[in-house]
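> Could you slot chain X onto chain R? The hints should help.
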Amino acid sequence: MIHPDTRLISIDGVVGSGVIATRRIPRGTITWVMDHLDQQFTGNEMNALPPCYDDLIDRWTFHDGRGRRVLCWDLGRYLNHSCEPNCAGSEFWFEVALRDIEPGEQLTNDYATLYMRPSEGFACRCGAPSCRGEASHELVPQAVAAVHDLLRHALGDITRVSQPLGALLHTQWLEQARESLSPDREQPVENATAAAE
Amino acid sequence: MADQDRGKGRVIHPASELRFISQEVGYGVFATAAIPRGTFLWVLDHFDRILTPAEVGALPPMLRTVVDRYSYQAADGNFVFCWDFGRYMNHSCEPTSRGVGDAFEVAVRDIAPGEQLTCEYGTLNLLAPMTCYCGAPGCRGTIRRDDSARLFERWDEEATSAFALSHTVPQPLLPYAKLGARDLPLTAAMQAGGANWVPSARDFHIADVPREVLLAAGPGVR
Numbered sequence: 001m002i003h004p005d006t007r008l009i010s011i012d013g014v015v016g017s018g019v020i021a022t023r024r025i026p027r028g029t030i031t032w033v034m035d036h037l038d039q040q041f042t043g044n045e046m047n048a049l050p051p052c053y054d055d056l057i058d059r060w061t062f063h064d065g066r067g068r069r070v071l072c073w074d075l076g077r078y079l080n081h082s083c084e085p086n087c088a089g090s091e092f093w094f095e096v097a098l099r100d101i102e103p104g105e106q107l108t109n110d111y112a113t114l115y116m117r118p119s120e121g122f123a124c125r126c127g128a129p130s131c132r133g134e135a136s137h138e139l140v141p142q143a144v145a146a147v148h149d150l151l152r153h154a155l156g157d158i159t160r161v162s163q164p165l166g167a168l169l170h171t172q173w174l175e176q177a178r179e180s181l182s183p184d185r186e187q188p189v190e191n192a193t194a195a196a197e
Numbered sequence: 001m002a003d004q005d006r007g008k009g010r011v012i013h014p015a016s017e018l019r020f021i022s023q024e025v026g027y028g029v030f031a032t033a034a035i036p037r038g039t040f041l042w043v044l045d046h047f048d049r050i051l052t053p054a055e056v057g058a059l060p061p062m063l064r065t066v067v068d069r070y071s072y073q074a075a076d077g078n079f080v081f082c083w084d085f086g087r088y089m090n091h092s093c094e095p096t097s098r099g100v101g102d103a104f105e106v107a108v109r110d111i112a113p114g115e116q117l118t119c120e121y122g123t124l125n126l127l128a129p130m131t132c133y134c135g136a137p138g139c140r141g142t143i144r145r146d147d148s149a150r151l152f153e154r155w156d157e158e159a160t161s162a163f164a165l166s167h168t169v170p171q172p173l174l175p176y177a178k179l180g181a182r183d184l185p186l187t188a189a190m191q192a193g194g195a196n197w198v199p200s201a202r203d204f205h206i207a208d209v210p211r212e213v214l215l216a217a218g219p220g221v222r
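Protein chains in written order, with the working numbering: chain R, 1 to 197; chain X, 1 to 222.
Worth flagging that the hints you see were computed from the coordinates, not collected in a lab. Be aware that a few hints might be false.
[Unchecked claim] Covered stretches of chain R, as calculated for chain X (at least 3 residues, CB under 8 Å):
#	region
1	32 to 39
2	136 to 146
[To be verified] With a cut-off of at most 25 Å between alpha-carbon atoms, the simulated SDA-like pairs for lysine to any residue come out as follows:
#	chain 1	residue 1	chain 2	residue 2
3	X	LYS178	X	VAL25
4	X	LYS178	R	GLY127
5	X	LYS178	X	ALA74
6	X	LYS178	X	GLU17
7	X	LYS178	R	ASN47
8	X	LYS178	R	GLU45
9	X	LYS178	R	PRO51
10	X	LYS178	R	THR42
11	X	LYS178	X	ALA164
12	X	LYS178	R	ARG59
13	X	LYS178	X	PHE30
14	X	LYS178	R	GLN172
15	X	LYS178	R	ASP58
16	X	LYS178	R	GLN40
17	X	LYS178	X	THR142
18	X	LYS178	R	ASP55
19	X	LYS178	X	ALA192
20	X	LYS178	R	ALA128
21	X	LYS178	X	ASP48
22	X	LYS178	X	ILE50
23	X	LYS178	X	PRO53
24	X	LYS178	X	SER200
25	X	LYS178	X	ALA75
26	X	LYS178	R	PRO103
In this text, a Cβ means the ideal position worked out from N, Cα and C, and glycines have one as well.
Here chain R stands alone, though its shape is the one from the complex (with noise of 0.2 Å):
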């Protein structure tokens, strides 16, 4: 489920939709928790899917880096890509705020460092001034490591903000993102992307 402040808004005919923050929402609030109606389908699950859902997949799931992909019910699925995101996690199934999110700001993720198909690779507008340019299905390893780095001290906030959405968070999500993000055991990213395929 995703933070209650937010609100679906129409970007333009490229982008599509996004979701912005209706308050602030300060660093290290639980943005965006997997519950239980959220879809979960493995590979075999999705391969067995018409062609027609190919599209859909892209469009609507992530792959969670575990073998599965995420379809979310609300509107976590309407997130867009910045090179220089607010919001990041999914794959510990819940995402946290990087940064103090103004209102009326977008919520994002950095596509980078989540497990694309390469269906799913897009020209990169998000106007940041880091921009890559592009996001593709290959993971930036400098991306992920800066991520990780904001998602390691944004946790370091949790106790300390108020969270809308910390009844649904399971603690042992919790503790698995700040055993797994915890500087002297930083994934290689090499094996994170052997898992996605």
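Only chain X this time, still in chain R's reference frame:
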């Protein structure tokens, strides 16, 4: 992510869009182009979430509220929570489509651009009676769980004659459909060039609210 408002990427009819109506009604789905009678406006698909009564009963309160508002109870007793705009289709006592079989909503009249796509909640096994604001000439005022058991005859007539046209109009949603047992004879008849029989709306009705669901909802639901 590309534009969900432009048609691809959802399994309610591509010539439709979501619009906010009012605080009281919430959202609704509107036609963006003319849609002929006999068109499937919605199909059950492989991304729609199916929940057993026990799963609904075990949901945390935040999600239970969502499911109570946006899901329906199908003829097999399970709850269907549509993943796409289908869940925002409003009720009308003179709806633009009727439920046919397990997976289809078929347009029972020609639909003009800008018209709201509506269905009949009387076949959805409502947990609690719903006050209706549809404004149709024959508005029933209150929609009840057992309406389909009493009013099925006219609904069946409309559904049957509309479904007979289903092979004559484009069906963009058909490839996405997740067909249930009652849909197989229908699609066979359709592919053979016509169908004169559809399952009765009476058979959508389940008399009792599942025990697990009642208990979790607490007082006030009946």
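> Could you run down the list of hints and mark each one as holding or not?
To see whether the hints hold, each was checked on the structure:
no. : hint                : result
1   : 32 to 39            : holds (count 4)
2   : 136 to 146          : violated (count 0)
3   : X:LYS178 / X:VAL25  : violated (29 Å)
4   : X:LYS178 / R:GLY127 : violated (41 Å)
5   : X:LYS178 / X:ALA74  : holds (14 Å)
6   : X:LYS178 / X:GLU17  : holds (22 Å)
7   : X:LYS178 / R:ASN47  : holds (15 Å)
8   : X:LYS178 / R:GLU45  : holds (14 Å)
9   : X:LYS178 / R:PRO51  : holds (13 Å)
10  : X:LYS178 / R:THR42  : holds (18 Å)
11  : X:LYS178 / X:ALA164 : holds (20 Å)
12  : X:LYS178 / R:ARG59  : holds (20 Å)
13  : X:LYS178 / X:PHE30  : holds (24 Å)
14  : X:LYS178 / R:GLN172 : violated (35 Å)
15  : X:LYS178 / R:ASP58  : holds (20 Å)
16  : X:LYS178 / R:GLN40  : holds (18 Å)
17  : X:LYS178 / X:THR142 : violated (31 Å)
18  : X:LYS178 / R:ASP55  : holds (17 Å)
19  : X:LYS178 / X:ALA192 : holds (20 Å)
20  : X:LYS178 / R:ALA128 : violated (42 Å)
21  : X:LYS178 / X:ASP48  : holds (9 Å)
22  : X:LYS178 / X:ILE50  : holds (12 Å)
23  : X:LYS178 / X:PRO53  : holds (20 Å)
24  : X:LYS178 / X:SER200 : holds (20 Å)
25  : X:LYS178 / X:ALA75  : holds (15 Å)
26  : X:LYS178 / R:PRO103 : violated (40 Å)
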